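**Q** Chains as they are written, first to last, in the working numbering: chain W, 1 to 312; chain P, 1 to 333.
Please note that a few of the clues may not be correct.
Listed next, the in silico SDA-like pairs over lysine to any residue satisfying Cα-Cα at most 20 angstroms (straight line) [said to hold, decoys possible]:
(1) K168(W) - L294(P)
(2) K274(W) - C181(P)
(3) K274(W) - P190(P)
(4) K274(W) - A178(P)
(5) K274(W) - N281(P)
(6) K268(W) - N281(P)
(7) K274(W) - L185(P)
(8) K274(W) - F182(P)
(9) K268(W) - P283(P)
(10) K108(P) - G249(W)
(11) K40(P) - R110(P)
(12) K238(P) - L227(P)
(13) K108(P) - L248(W)
(14) K108(P) - L137(W)
(15) K268(W) - F182(P)
(16) K268(W) - S278(P)
(17) K268(W) - G192(P)
(18) K268(W) - P190(P)
(19) K54(P) - G101(P)
(20) K268(W) - C181(P)
(21) K252(P) - T234(P)
Hints are computed from structural coordinates only; laboratory data are not their basis. Since this is a predicted model, take the numbers as computed values, not measurements.
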Amino acid sequence: MAEAIAPPLALVAPSQRLHLSWIARISLAYLVLVACGAIFIPALLPDSFARPSPAQFLPPMTEGHLLGTDLNGRDLLQRVFSGARISLLVGLAGALVALFVGTSVGIVAGYAGGRIDNFLMRLVDTLYAVPRLIFILLLVYVAEQPVREWLRETFAGTWLAGLAEYTKIVILIFTLGLIEWLTMARIVRGQVLALKALPFVSAARALGQTHRRIVTRHLLPNLAGVITVYLTLTIPAVMLDESFLSFLGLGVDASQASWGTLLDDGAKVINPIKSYWWLLVFPASLMSTTLLALNFLGDGLRDALDPRQRER
Amino acid sequence: MLGFILRRLLALVGVLWAVVTLTFLLIRVTPGGPFDRERKLPASIEKELLKRYKLDGTEGRAWGTRLAANLGRGEGTRIFMGNACSLGQQYFSYVGDLLHGDLRLSTKYRDRSVNEILGQTLPVSMALGGLAFVIASLTGIWLGCYAATRRDQVGDNLAMLGAVGAISVPTFITGPIAILCFALLLPIFPVGGLAGVWSLVLPALVLAAPYVAYIARLMRTSMLETLSLDFIRTARAKGLPEREVVYRHALKVAILPVISFLGPLAANLLTGSIVVESIFNLPGMGGFFVNSILNRDGFLLGGVVIVYCTFLVFMNLVADVAYTLLDRRIKLY
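Could you put the whole structure together from the sequences, leaning on the hints where they help?
**A** Put into structure tokens, the structure is as follows:
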């Protein structure tokens with residue numbers, strides 16, 4: 001059995017320079033570009049662009065609106081990139097929550113082994129099988145009001161109380177994170193199983209190190225590679241979930257449009273008589289290219305860290 | 001084999017009971033009731049409504065009432081659904097109705113029974129989902145084999161890039177874009193609505209796209225693994241043409257992981273998709289899953305869940321049986 005387990009990823013080549021495929025490099029550059037756009041573009045555009053104006057449905061390249069305006073006369077460029085802020089934020093934060101939960105469960109299951117491992121992995125299997133939408137809806141509905149009040153009261157006076165306005169986003173982040181951790185847990189567990197069998201862990205144990213120290217000092221650094229890869233692959237999954245919910249009108253509130261909200265608006269105004277195509281095409285292309293780039297980057301990182309994965 | 005099938009079908013009863021119970025409890029734990037409006041209803045009307053939809057706990061047999069009275073003495077069970085007096089009692093009377101094949105009235109679509117609603121919408125979803133399933137499985141399997149036999153060549157790389165693309169771009173992007181391109185700019189397909197088989201083709205393609213990609217990736221991996229096995233070398237050594245080797249010998253083994261993916265996929269597709277159905281304006285049942293939760297329409301949700309679980313168990317059963325037919329070494333107990 002021990003031979004059958006692949007050598008852990010990070011041990012393959014810890015110091016070697018990462019050989020990313022060209023497609024992963026382009027993706028990385030593109031993502032940096034989108035992130036910069038999300039940070040700077042909404043701030044650089046005039047404030048009036050963000051507010052509703054009478055100039056509704058202007059086609060692209062008119063009156064200084066590079067991408068045109070929407071139903072309420074807001075500038076689409078501004079909308080698309082402030083949507084990017086929300087979508088990227090939710091994706092990243094949700095993926096970090098998933099990373100935390102998934103890694104913890106994976107390490108506990110892999111390191112403890114035996115009954116605990118069995119129980120946790122069956123739990124993961126079961127959670128894979130249930131429709132996740134029902135969980136998201138329930139959590140968002142049940143938690144929103146109590147969490148908002150809790151934030152207001154407990155942190156009154158501090159900056160955290162300001163979060164109360166964004167309760168829905170906060171809850172979404174946690175909910176989506178709590179749903180997307182399953183793959184991470186499986187992968188990390190597999191890696192821990194492989195690492196645990198290696199001599200350096202036995203050596204550490206023979207030297208009398210505690211379990212906690214073995215996990216934090218010896219296992220975690222070796223897991224960093226895998227975790228990074230699956231972090232990059234979890235971000236698009238979370239973003240997809242979030243935009244799906246926003247598309248259904250269940251995600252972030254309309255005042256803080258995410259890409260899903262924009263796409264919903266865009267899909268609504270597609271009709272045979274007069275189609276405002278720019279409202280659909282621009283958010284759609286920015287979102288799909290970003291998701292594509294994230295997936296390509298994740299795949300590229302995985303291939304670079306472990307060439308054998310290409311077979312799978 | 002027959003014993004296995006019968007046992008599985010028996011297990012279906014247990015599964016259905018579990019999910020019905022769980023759904024029943026969950027929808028009541030969720031805050032809000034089916035008759036909550038901006039303005040509060042007068043007490044007498046609310047009482048009538050609760051009675052009509054069998055939510056006031058006066059339904060059911062005597063033993064159910066007694067049992068419920070014992071279970072529901074605490075304040076905890078007097079929860080959430082208006083002034084429902086006993087959750088346990090409602091539950092037993094609901095299960096009783098289910099056993100008689102009565103899925104009850106929907107609290108949202110007044111005067112229509114859940115049986116009637118599902119009877120009208122399920123066929124639409126099944127037609128759409130069935131078409132999408134056929135497209136997804138056939139194209140996916142073919143594409144996976146194609147990519148595996150041309151490993152690391154241009155065809156393989158292109159197919160796999162396309163697969164990542166199809167997985168990355170969600171249906172609520174491809175749907176409107178497909179309408180824009182193939183219904184408005186090039187009027188090949190109708191924009192939406194249900195009018196014959198032709199109107200289902202575009203939505204089915206959109207619905208199938210990501211699954212084509214999943215299946216193709218799965219198929220490619222599995223085919224590559226199979227092609228490196230000894231029996232394939234034997235087949236080649238005997239001088240069989242490559243076509244025969246791949247599609248006759250290897251495919252039979254390599255398709256097994258794909259089959260186990262196809263089971264749940266079929267259940268998912270056949271019970272409808274909220275996004276595709278709403279974009280293409282099709283009267284299917286995909287939206288009920290979400291909407292019945294939002295409307296606290298417990299009985300409609302119950303019906304949808306029952307249909308979904310039945311499909312899921314049944315399709316998994318079909319997948320397992322297909323397994324034994326493809327690989328005689330596998331025995332089902």
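**Q** Output the indices of the hints that this structure fails to meet, ascending.
**A** Hints that this structure does not satisfy do not exist here, as all of them hold.
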